[in-house]
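Undergrad: Single-letter residue listing:
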Amino acid sequence: GQQLNQSPQSMFIQEGEDVSMNCTSSSIFNTWLWYKQDPGEGPVLLIALYKAGELTSNGRLTAQFGITRKDSFLNISASIPSDVGIYFCAGLYQTGANNLFFGTGTRLTVIP
Amino acid sequence: ETGVTQSPTHLIKTRGQQVTLRCSSQSGHNTVSWYQQALGQGPQFIFQYYREEENGRGNFPPRFSGLQFPNYSSELNVNALELDDSALYLCASSLSFLSGRPGELFFGEGSRLTVL
Chain A
57 GQQLNQSPQS MFIQEGEDVS MNCTSSSIFN TWLWYKQDPG EGPVLLIALY
107 KAGELTSNGR LTAQFGITRK DSFLNISASI PSDVGIYFCA GLYQTGANNL
157 FFGTGTRLTV IP
Chain B
733 ETGVTQSPTH LIKTRGQQVT LRCSSQSGHN TVSWYQQALG QGPQFIFQYY
783 REEENGRGNF PPRFSGLQFP NYSSELNVNA LELDDSALYL CASSLSFLSG
833 RPGELFFGEG SRLTVL
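Line order of the protein sequences matches chains A and B. If you're matching positions, the first sequence starts at 57 in this note's numbering and goes up one per residue. If you're matching positions, the second sequence starts at 733 in this note's numbering and goes up one per residue.
Next up, chain A with everything else stripped away, as it sits in the complex:
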């Protein structure tokens, strides 16, 4: 099945710094999404991308749907302590069922 690789696996950054993470796939997707998961919680949707090349922002978060449809990028500007958590990319190929393929996750730690 499809394998989504995220990098980096983990990041330690100072509060106020910008963060970049990416996700690559061996297969193409029609939709890319980014979710954040806090300890003891389910994932929460951050950004959804529906078109190759699309660049979308949500507050301090910006994500892009790669032109090849095999990758996506997430940037967080001016990080704050509550950005701590695990960030997952997810790809969706078919419509009709929410069969998301999730990445391996990037664990973000923000040092105050």
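Source of the hints: derived by calculation from the structure; they are not laboratory data. Hints are not guaranteed to be accurate.
Here are a few chain A residues that face chain B, going by a calculated C-beta distance under 7 Å [what the hints assert, rightly or not]: (1) A104; (2) L156; (3) F158; (4) T160.
By construction, the Cβ of each residue, glycine as well, lies at the ideal position given by its N, Cα and C atoms.
Chain A is already provided as a structure; the job is to place chain B on it using the hints.
TA: Chain B in isolation, oriented as in the chain A frame:
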């Protein structure tokens, strides 16, 4: 607006037993998906229910089965539990794929299953 709720939050079973996990979808959502998340991994799609029928399934054996009820709540049943079934089971609700926003899921906090 009521979010997605799951029960139980934690449970311990032994190998060979059966388990039923429950999920109430978010108000207004008619589609429910179930995911398995092993420790340190991303969630993995088990199946989806829409209009009380399974309409999508991941790479899971038949001993993983489910139900959706008229009020859109759902159950996940796992028979003949194996040690590798130990995981966080996440339920997610959404509008139907016809809404034009595929993949936008609202997850519950999950049920953590430990199989001994």
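Undergrad: Are the hints correct? Go through all of them and say.
TA: Against the structure, the hints come out as follows:
no. : hint : in the structure
1   : A104 : holds, 6 Å
2   : L156 : holds, 6 Å
3   : F158 : holds, 3 Å
4   : T160 : holds, 6 Å
Consistency with the previously given hints is maintained throughout, with no hint failing.
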